[in-house]
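Here the structure of chain A is known, so what remains is to put chains B, C and D in place on it, guided by the hints.
There are 4 protein chains.
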Amino acid sequence: MPNLVDDVGTGGRPLRVGMIGGGKGSFFAGVHRAAMRLAGRFEIVAGVFSSTPSVSREAGVALGVPGDRIYPTFTAMAAGEVRRSDGIDLCVIVTPNHLHYEPCRIFLEAGIPIVCDKPLVNASAEARELVSLADRHDTFAAVTYTYTGYPMVRDARSRVRDGEIGDVKFLYVEYLLEWLANDPSKIGKGGIWRGDPAKAGLTGALGDVGTHAFNILEFVSGMRCTAVNANLQNTVAGFGLDDTDVVQLKFGDDAQGLLWCSLAAPGHRNGLRFKIVGTKGTLEWCQEQPETLHLHRMAQADLIYRRGGSDMTEDGMSCVSLPAGNPEAYLEALAVLYADYAKALLSGRDWRKSLRVPLTDLREGLRGVVLSEVCLQSSTAQKWEAFPDA
Amino acid sequence: MPNLVDDVGTGGRPLRVGMIGGGKGSFFAGVHRAAMRLAGRFEIVAGVFSSTPSVSREAGVALGVPGDRIYPTFTAMAAGEVRRSDGIDLCVIVTPNHLHYEPCRIFLEAGIPIVCDKPLVNASAEARELVSLADRHDTFAAVTYTYTGYPMVRDARSRVRDGEIGDVKFLYVEYLLEWLANDPSKIGKGGIWRGDPAKAGLTGALGDVGTHAFNILEFVSGMRCTAVNANLQNTVAGFGLDDTDVVQLKFGDDAQGLLWCSLAAPGHRNGLRFKIVGTKGTLEWCQEQPETLHLHRMAQADLIYRRGGSDMTEDGMSCVSLPAGNPEAYLEALAVLYADYAKALLSGRDWRKSLRVPLTDLREGLRGVVLSEVCLQSSTAQKWEAFPDA
Amino acid sequence: MPNLVDDVGTGGRPLRVGMIGGGKGSFFAGVHRAAMRLAGRFEIVAGVFSSTPSVSREAGVALGVPGDRIYPTFTAMAAGEVRRSDGIDLCVIVTPNHLHYEPCRIFLEAGIPIVCDKPLVNASAEARELVSLADRHDTFAAVTYTYTGYPMVRDARSRVRDGEIGDVKFLYVEYLLEWLANDPSKIGKGGIWRGDPAKAGLTGALGDVGTHAFNILEFVSGMRCTAVNANLQNTVAGFGLDDTDVVQLKFGDDAQGLLWCSLAAPGHRNGLRFKIVGTKGTLEWCQEQPETLHLHRMAQADLIYRRGGSDMTEDGMSCVSLPAGNPEAYLEALAVLYADYAKALLSGRDWRKSLRVPLTDLREGLRGVVLSEVCLQSSTAQKWEAFPDA
Amino acid sequence: MPNLVDDVGTGGRPLRVGMIGGGKGSFFAGVHRAAMRLAGRFEIVAGVFSSTPSVSREAGVALGVPGDRIYPTFTAMAAGEVRRSDGIDLCVIVTPNHLHYEPCRIFLEAGIPIVCDKPLVNASAEARELVSLADRHDTFAAVTYTYTGYPMVRDARSRVRDGEIGDVKFLYVEYLLEWLANDPSKIGKGGIWRGDPAKAGLTGALGDVGTHAFNILEFVSGMRCTAVNANLQNTVAGFGLDDTDVVQLKFGDDAQGLLWCSLAAPGHRNGLRFKIVGTKGTLEWCQEQPETLHLHRMAQADLIYRRGGSDMTEDGMSCVSLPAGNPEAYLEALAVLYADYAKALLSGRDWRKSLRVPLTDLREGLRGVVLSEVCLQSSTAQKWEAFPDA
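Protein chains in written order, with the working numbering: chain A, 1 to 390; chain B, 1 to 390; chain C, 1 to 390; chain D, 1 to 390.
So here's chain A without its partners, still in its complex pose:
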């Protein structure tokens, strides 16, 4: 179903989307829209694209949104759309981090399904409130942990579940970027808010990329982190938050983990890489080469699994769109998430059952927020802290 190129005979009506944020200059909103176009099942029909009315209007017009559905406020939009018989099926929230909470709350209160960028919000209390709002009516609510949309990440998840690497003993993840290195004065507006506690939240690198890294470990392994020992460091003068972090992890009594992330590692563009060590094998995947999954085995030939291969797992294969050799990449991964969302939204009450892999929902979003909180606590106290069963 999530095949992105089979647009004939897929069936199902297009879904009506409202967007929060995404005016000119909002790069990631454009990425979301490209992924929606690729998924082929969405049309943007309403929005508050900016807090500046003229910017919002310009974006709405460019996107073909009717003038009366370019709203001045979230509240007006929620109220307006709820009233319509052709009201939005989904609200996609792509504002900066510190502006996630309010729209999430308002649309959930209106019973409108939401998709929100990670990190969900900047405080776990807020996240818990959103979880509880969604739970009230079992409203569809997703957090876009984009990397879980890569077929080989889902393939890895299945292989771990199937026991291909035996019992998981150690989970390593690194997520290295370079943009903050060298000279923070060069950083444009896009970067600076990430170092501003008022906007980015409690943590810098950890909240920004560490949450992705943490989520992918839990997603792939199916295990839950139970304790952390974190060392959050600021190494770049002028950046107000941590930019380089090491977090030791426990996953119950049986498995250890390690997370290393940095915004200041020259030569690393978007270097997310994990290595899951089991008793029988080790699985390794790297975001910049997303088409392959390496299985390292005891004293035997390495296996390089490839997206689209006949030996792919069902979960992996079910989100493949192109044959092996015609590579898929980042936009396709996000489009796989949107294809999942479409499937769930068209599935009615039992929407969770419609998906092969668990939705990265608000609870996963909450875990990302909790990660920042407990790691900050651990780093300050220089000791292990329990990870609450969020």
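Hints are computed from structural coordinates only; laboratory data are not their basis. Keep in mind that the hints are not guaranteed to be accurate.
It does not matter which identical chain is used: a pair holds within one copy or between any two.
Claimed, not checked - Derived BS3-like pairs (lysine-lysine); straight-line CA-CA distance at most 30 Å:
#1 LYS24 to LYS353
#2 LYS199 to LYS280
#3 LYS199 to LYS383
#4 LYS343 to LYS383
#5 LYS250 to LYS383
Here is chains B, C and D on its own, set in the frame of chain A:
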């Protein structure tokens, strides 16, 4: 401008597209439509989606095409669209190879721009006729050599032009696939026509993938092949055409080349790889890892250029949509072509000047057809044949 | 000078070597002898090859050692060799870890230069005593941290010193092996003593491979670890010591580090890999592909330096024996160390000045022993411990 | 047996070697001696190290050869050594190509086993004479096709024989070097003779590296080339012979091949790479990463075999010295050949049976010479030529 994710403020009206072919089961038509959606500047409004009326209608409806623009024949469609004030801006032809010629001719005669899959047609006389039809009114007409849409291929082209590898002396390309290996009886309908001379044309592997390989050498180097010495072989019983070919190439007096292609090389999905050897350096690129371009230098460190890097050439950078590290792939490459097409089609008379890199137009399509003809001649005579200045 | 294949006109007399350990079945002793043969400047003329006289004699005879120089005890050998005018120039100690201390002490007391495998000894008090014995007469005494003999490791060291990556901010090293994974009952005698505290010392994985990883970080960066926060874990039932360790490191106020080592990571043969992150670039090297050094740079092409390239540093080039492309590997790395030793031993009083890179001497051996001690302390207390200025 | 580090209990007396060539400045002679030291079973006891007596003497002294066994001429040496009860067991010939024939002939006539560098000689008539001389008494005579000593090359050979890739259909090999590119005036004496027909023989690149490439295809596949279609080109002004060659190959009726070699491909140090395509899989190996062998399979995960793995073939494993992960490289490969030679020389009459893989003997040397002859003929006539059943 061909930035695929910047959909706000790009300006320009959407282009109206008619499609020939592309009913249910036509995989590559879906790929073209996904690329068009990604490019964000096209809407499909008319078509003959199949020679079977019910299949055509089903596809048209699924794609939201109004009933009166789902036409029974190419002629009816050309006539109907030419009459309309909101007639199609472009006709995209995605039928099997042997069904390219007729629609190409009909729409060019009607003065309607076309996009056609490669190989253009199966005989050079037909191709020359199409070239001449397009020339008559300088009608926009493109052949989708998809791999020329990869940013790093364009980057390679610029580097060669800028003299980064000195004088080009040797051009190597290989294009290896596996689907025909092992057991031809397993090959489905999609594969079998490729071995049927009545449908695939004069050659098998050469026409199917060799043309891509040949085109990318000419595109990247800016050089023109002047002679070939080919050895076309059939190694798989039951396949009616060549499946494994070696072609020696001359590019004037100064450079030699070598093309190796096969449909029967197990373990190769879509293995297009070139190596351009100059007096000062060697450039190497591989389609399955399209994000990087390797520069091998005399006795010095290799350079691994990366899409999105600050040291990318302007031609390369101008078709980049995502930051380095968030990988782009096959659909993005095809969407880059469609973004080029949109730009050209919106540029009026001087459309050729609107593009940074030369359009792979019908002349390039013609060269692909000629390649099959002269190689077959050379292989039969077991000697060098001149490549006509097509 | 350390060119291993230029054996004509190198000059210098062959050095007379005595060996402690290295009877039949002692694999690494054979490795040392092969490296000595390769270095081409050594002849084994004396030894106590085993505590079992017949085994010792058999090895001595096989190695062509005269019967009167196959000694029953270390003491007898030291006394005997000191008396001879053609006594040994060097004593090479390749016994299991817990049998290093005694021969080291005895030969140092006799003023005989030594080469000892790492880890030097199992307690820092012993190591300090050996340091002090060597200091007394400035006796040559080396610990074979083999990986420091790789040309590209020395090249990396020079590049860091030359400021090529700016200020070092983060030092990552991993050293993963697989032999202990899966089923410890399969482990032969060679492995089991590594898990026996009485023989292996305080730590398992950390002493065995972590010391190498730690040493290479200090060697390449020229920095000194000042504090550790360790988590030593036993994950394999039946193995008496830690098998999987994470150690956070501080290098003064300016740089952080991270060491991950394991004996139970399936699919990893001898996976030593470091990544030194500076403000301007990141250097990465992997022992299993020792011929290349990767420089990751800010937003620019990666550089892959290669052993033997014209852009190699002088320190790197000075230990190259074969042209680039004719690969060198592990035995060559150890032979480079032995070539260094030969050079130093033939240089008289100022032997330290004869070497381009600092000898990994007993102080480095001591640091390896201290590493085990402070990490064990840290892991038990679950807090940071200062690393003494050993 | 060919384990290079197990020097205790291997048994067998050391073999007495005479050397032809190898005075100061003869780089490859040093490489041979290093490999012999590594193999641990040879001692150089005689030689004509140079045609200049003083250079010969200097080398002999440096190598510890007694003065009376540093001979003025090949004839004197053959006569002298045959007379001695402790005469040489083997004569190693490491002179430039055009000086191979005479010593080979003289020592074979004296019944003394020889090892000669490739290419054996410069004319097939000479090579046939040497073959016939060796045949007369079944004298051991080897040509050092060094790359056949790599464990993973032998592993590949076994896998092909065992049918792991099905029927071999296509054999590709490339061998690219850079030294001649750019500026031939920079080329030192070592390079220039390679372009001098009087010294290098009939061909340049083909004789120098093409022979290796050709040999490795035949060695790994066990197949015999039956026809060639060659295009030998000189692209570098001032170099008197071909520097860039393409040779199409036939192996009987069933398999095709392709050989591409060049001395002028910037960024390639010693780039020997083969790809053997079978009906079920494709094997790929690259000399610069000799530790791994890639098996590409139909629609399944690639396998990366590794030297020392538990899934290695017996032929491969039997020449492994170090555990997987402690890499072996070029000198080890040559030492494996010498270990084979030692084994054969100590095995008496049935020496051929002592070896697991066929010796690359004078017949293989002859095939290399014939390759140059028939390719030159083919290239001149621009047509296929039969490869005689040499």
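Now for the hints, and whether the structure bears them out:
1. LYS24 to LYS353: Between. Shortest inter-copy distance 28 Å satisfies the 30 Å Cα cut-off; intra-copy 37 Å does not.
2. LYS199 to LYS280: between (44 Å within a copy, 28 Å between copies)
3. LYS199 to LYS383: Intra 27 Å, inter 32 Å, cutoff 30 Å: intra-copy only.
4. LYS343 to LYS383: neither (44 Å within a copy, 49 Å between copies)
5. LYS250 to LYS383: Classified as both: same-chain Cα gap 13 Å, cross-chain 16 Å, threshold 30 Å.
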